[in-house]
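Chemist: Residue numbers (the working numbering), protein chains in the order written: chain A, 1 to 504; chain B, 1 to 1103.
Treat the hints with care, since some could be wrong.
[Stated by the list, open to error] Calculated cross-link-like contacts (lysine-lysine; reagent style BS3-like; alpha-carbon spacing at most 27 angstroms):
| hint | chain 1 | residue 1 | chain 2 | residue 2 |
| --- | --- | --- | --- | --- |
| 1 | B | Lys-330 | A | Lys-215 |
| 2 | A | Lys-337 | B | Lys-457 |
| 3 | A | Lys-337 | B | Lys-495 |
| 4 | B | Lys-509 | B | Lys-495 |
Bear in mind the hints are in silico, worked out from the structure with no lab data behind them.
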Amino acid sequence: MWDERVCRFILGHFPRPMFAVLHLADFPLQALLRTRADLDRQPVALLGDARREAPVIACNPLARSAGVELGLTGPQALARCAGLTLCLSVPTAEADAQAALLSVAFSLSPTVEATSPGVVTLDVSGHRADERESRLCGAMPRLVALGLQATVGLAATPLLAQYAARLAEPFLAVENHRTFLAPLPLATADPPAAVWPILTGWGLRTLGDLTDLSKADIAQRLGPAGLALWERAAGQTNRPLHPVVPAHSFSASYETEHEFETIEPILFVLRRFVDRLALDLANAALAAAALTLTLTCTDETTPSRRIRLPEPSTSADIFFRTLYTWLESLRTDNAIKRLHLEIEPVRALVRQQGLFDNTLVDAHGFADTLARATAIVGSGRVGTPFLEDSHRPDAFTLAAPADTLSPIEPTAPFWLRGLSLRRFRPPLPAHVALTGASPSSVWTNELHAVVAVAHGPYRISGDWWERAREWERDEWDVELVDGGVYRLVHETPAKAWYVEGEYD
Amino acid sequence: MSMSDYVELHASSAFSFLRGASDPEALVRAAQALALGQLAVLDRDGVYSAPRTYSTARENGLVARVGAEITLADGSALPVLVKNRTGYRNLCKLITLAKLNPRSPSVRVEGLAPGEDPHARKRPCFATWEELSAHAEGLIALTGDEDGPVVRALATGDLPTAAATVHRLKTVFGADNVYVEVQRRRLRGENVRVQLLADLAAAQKIPLLATSGARYAIPEDRIVADAFVCLRHHTTLDRAGRLLSANSERHLRSAEQMHELFADRPEAIAHTLRVADRLDFTLQNLDYEFPSFPVPPGESMESYLRAIAYRAADRRLRHRTPEVNEQIEKELRLIAKLNFCGYFLIVWDICKWARESRGTLIQGRGSAANSAVCYVLGITAVNPMEHKLLFERFLSEGRVGVDGNPSWPDVDLDLPSGDRREDVIQEIYKRYQPYGAAMVANVITYRGRSTTREMGKVLGLPDDILNRFSSLYANGDFPQTIGLEDQLRLSGLAKTHSRLPTLLALSHKLKGLPRHLGQHSGGMVLCPGHLHTVVPLEPASMEGRTIVQWDKDDCENLGLVKIDFLGLGMMAVLQETFELCAARGQSPAVFDDIPHDDPETYKMILEAKTVGVFQIESRAQMSTLPRFKPLNLYDLAMQVAIVRPGPIVGNLVHPLIKRRNGEEEVDYIDPSLTERLKPILERTKGVILFQEQMLSISMTLAGFTGGEAEELRRAMGFTKRPDRLANIKAKLRAHLEERAYAAAVIDKIVEAVSAFAFYGFPESHAISFALLAYASSWLKRHRAPEFYASLLNNQPMGFYSPATLLQDARRHCGIKVRAVCAQHSAWKCTVEPDSALRIGLNYVKGIRERAVAHMLAVRAEKPFSTLNDFIARTEFTAPERRALAAVGALNTLAPHRRAALWQVEAAWSADETLFRHFAVAEEFAEFRTDDSRKYASSKTESVLPSTASGDPAATGVFAPTLPLKPMTLSERIAADFAGLSLTAGDHPMRLVRARLPDVTCAADLVVEKDGQEVTIAGSVICRQRPGTAKGVVFISLEDETGIANAIVYARLFESLRLTITQEPALRITGKLQHKAGVAHVRADKIVPLRLGELPEQASHDFH
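Pulled out of the complex, with its shape left as it was, chain A reads as follows (with noise of 0.2 angstroms):
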């Protein structure tokens, strides 16, 4: 047995737990602004689903100044607010918000867990106690860089700390827990839904409403859920964290119903993911060799580029600055959806030419001459053909290479085969004179003739719903007068003829 003095003296050189948590509150909506530009000075709700009747979950001070509530429906919160941006939450832009507060809850405790959406507890009890509130708050200038608001709560249990982050301005530190309690709102406890309409039908509206009922009644009436609901009320709950490991990968995406269709509220966003991704790197202690950005367009095209950094880089400013050259050369036929970003990592210093690493002498370069062909020849017309289903004839898109061969399709009915057609490509420009609506000579720069027999025209026609995609096209088969059988089109609206190919 320990003498009672060497007991004393061993707690006290044994710290206090102490235990911080970092805030982001109306977590999806923060997510969802740090990533759009375009809304910064806007009313903006955020709905819960993207049904019609779903209810409004968090709203910027501008949207409440005008009138929106949390649970008005989106035409509601429209009539309250005729300008209000609607949106829905983006999972990617919440997962990147979550990373990055992660990644500065790393920079202040290696013991962090990630509580829930939004909130991060940390073990601060290593901390010196004189120094807890200054670096906590220390943290926040780096989170507003990163686009994030947080607030701070630091008590002696992680739910405590929870609480106090929810109510502090930005920090809240507790001190007692049953005077801190008491005229917290009941929500604070995240009353179960089950039990809710209970509490609230007893009119209870602060924890120390239901923590002035007695522990058994409230047992007795509500079960687990409403003991422990109970307990939480009365600070009488502990629990030990579960610590999370630190990013392994170094990567971010983000995906959207709002598409891009103009540079910068993408670089927007990666200016983002880099400022992050650098605060994983030096968090890790590693530098960035090589970054991945893959673009995602409407049509499914992926437009993607691996850029090698000449030598590894913390640097968010330099990886801003690489993608931005690339992306500068870009040009996309459809508007962007889905940005991917991964950052291959290494170990600064020790970083070692590889023997079959390109052997390009300027990277950056040749990627920039990559890009400027693209510019040139037009994005889109860089890739693997693919047959559209469409009855255009020869229509196709070009797409990334598929990474495995479709199976062939059925042939199509023996009937429909004819005479094989041999192409002209591209069709030769004709000029053709017609009777009545029937070709009757045609003139190309290699064929003048007279057209003995025609058949057609065979019409077809379509994208009739987009003006600018919209065709039509009569094909006629005329046999010439000099011998040889031609596939002759014309098109509409270009009202051009030509002649297709020659049958054999």
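For this one, chain A is given, so just place chain B on it according to the hints.
Modeler: Relative to the frame of chain A, chain B by itself:
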């Protein structure tokens, strides 16, 4: 090329749902433009479009042939043409069989998706070869297009199957009745197909037949067909790929075009003429027969009808004067002459059965009210002789429809809505099963908002824009102030969006096309034993019901007799009120017991205290009542008829009111016409108010024959064919011009026809409705508790929510309303011995009727003594107990709502009874020894002694301190609205009145000056935007003193659309407008009224 060189024998209309893209009228018009003499529209598994095709073709001088595409078990579609009446009967029977009969599981069904149940109601319908064979007589089969069984086989290169199918068709239909069908649409490969088909035809020795296979009338309609393909395959135009048509060539073609296309196969064209020559059937030969009625031995239907009519007359009429006898005799003679006795007997028998076997109120309305025989038989409640109604309006010898078929009147029977009406309908099905009776169909068409939304999806527009569009324009189309293009722009679709023009074009083209078939609200067609040989029957969406494939207009045009079994909420209210009165030993027990011309009732009507009353309760009606001043039943009939869109359009309201009030001189259109029009228009002071008057004028002034007048009547009510109205108006004008009336007179009369179109009210109908309006008003005035209890028990109905009805009951009738109570309430609302109205448990949300029935049973054995006793003896679940406690239903067993809420959560389970007994006893002993102790235990409630009133606090008996505070007044009201959607207490506006010093109460508006600026505020209970009011919106706000009405002009509405449509409570400022004691606020400013104490109330919007 003459019109006799080609006949189109295979086209499809939009009634081939999601396949055809033009309505039948468009097809016929196109056929006429192309000089086609005959046209056969073959819709998929139905003759849905046949009446409309027939009728339009007849008007345009074409012959409409009949047929259909029959789906076979392999999913292919076989076109068949009707040769003769037998063929038509067979076709109807075959389709009925395929639609109604569940398929045997042994039948291989290729049309079904994997996992689809062949017995399911919405399964693809198909006929088996055996069924085809049994019904082949009188039909000609074509091999079909690419959906046909032969071409489908060819498409896979399966020549033997194609040949075998043709052979099988020959076996089934006979070699003379099968044609190999060839079509060309300027597509590559089709020549090879035609060649193969020609070879097949030659090998089987059957002729080739060319058709267009048109799915639309003109090439421009191809876009609709493509959009339908997307809807059918649940995809978008961008993703549909080769599912879409390759070109726009599937339209009707002229003989010349067909000859050009089939220049190499002239015989295929020639055969169309031969086939047409063999078709000897149109819908003119429908041969529908009136239903017959089984009569006692020795009686004919005529003698039996005569006998029962006179017997009934003795009972119903106090004095059978010679005039009465003469009228009855005259009617009976005509009924017999027209072979109509069976129909009268059937309707009489149904009414008798409903009344005597089921105790159901049933009352005829409409033109049947003109018949003395209907009146004495008890079919109608209005004595036509008393009201000088003309029998000829109901039945006359010369009634011939525009299609040449006889035009028979319907009998509309009003029944209490709900189970009682369903009971009658099921009885009809039972009597005439399996194929003798069916409901009339209701063709649901593509309409504004939903069409635009569907087409937006097909075009791949973003969901958020479409959702916003739906939200913004959720309450119908308002073309009078904002066009579709602007609506879409305001929903977020850029004006320059590349797909906007397409969306507009598609929305426009789809408007009015049939979308699917629903069932009519109550119309039934009877043809004992063989209705399915007249028109195919198919299952309705409601279990146990079948419908015919035609709607009411089609049935009427083809001379089918229809009986309307209409569910009327007010009939259910009257029935229940009579029952409640009887239970309390009061009169009336039936309609006839209600005293006529009661001055107090008319005084109440005059003061517009008509909330809850039939027909005259709307804002528009109430604002007219004090000016119109109805004093008798005929006045009431005019009142019912006057506030309708028709008269409003025709600007008749003000002249009629002014003339009644002596403010304007009575004239009869023109002084020169006074003598001729006075007999017709005297009762309505020279104003044309009723349809009958319009018809009389057309006969008197324009010299219309009975048939022409009938044509006018039907054109005015036939919503689908505005061209028909235009034609008859032109005819009327021509007739009037022929008779050299002044231009102004002619304009006036023709304008009146336009005003009447679609909305005109027949006089007899108005009188029947006036009778219901009077009866309900009398009951409101003299049996208010019973009337309101019944009203509350038959919701939803009428214009007002239960919450508003209750406020009105308290305000205007002084009814004491008692809260819902587990000790005293029944399932429905009841009237207590002291005439207080007790809210029923059916208003408590989330309560099962079965659990309440059990509670009522155990309560009847012994009242509940304590809350625990209640919990122990009832079967309510925890959420149900909670719901009861929250709305105060357990207050007689607990000190207050929260005490009950606290206690119900600590309910003992049934197997703990003994333990509970001891625990309670012990606690009670503790109580008695220490009454000062703060007692917050869960067992508090169980020790409270029960009292007679159920309120322990009131007894002065010891009441322990409970841990929960009672609810405040605003909390109680909020809980009432949350749990009941109404409150038996004060209106919530009373809670916030002190905070609205500048707001005028609804009741005070009448004392404010005309033109003064006022502000009103309250819960929105009604938003209306009549189609004829130039975009004006009427809003009714309710406060604790009554209802205040505001008028919002279109411009203000558009600028505040969402505020007005979405906010549950509003504050409206504007100038007060006063007229004859009716006050309206003309809104200048509208803002939401956001006060936490105001619960969201139900509003009756845009109906």
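Chemist: Which numbered conditions among the earlier hints are violated in the structure presented, ordered from lowest to highest?
Modeler: Violated hint (a single one): 1; every other hint is consistent with the structure.
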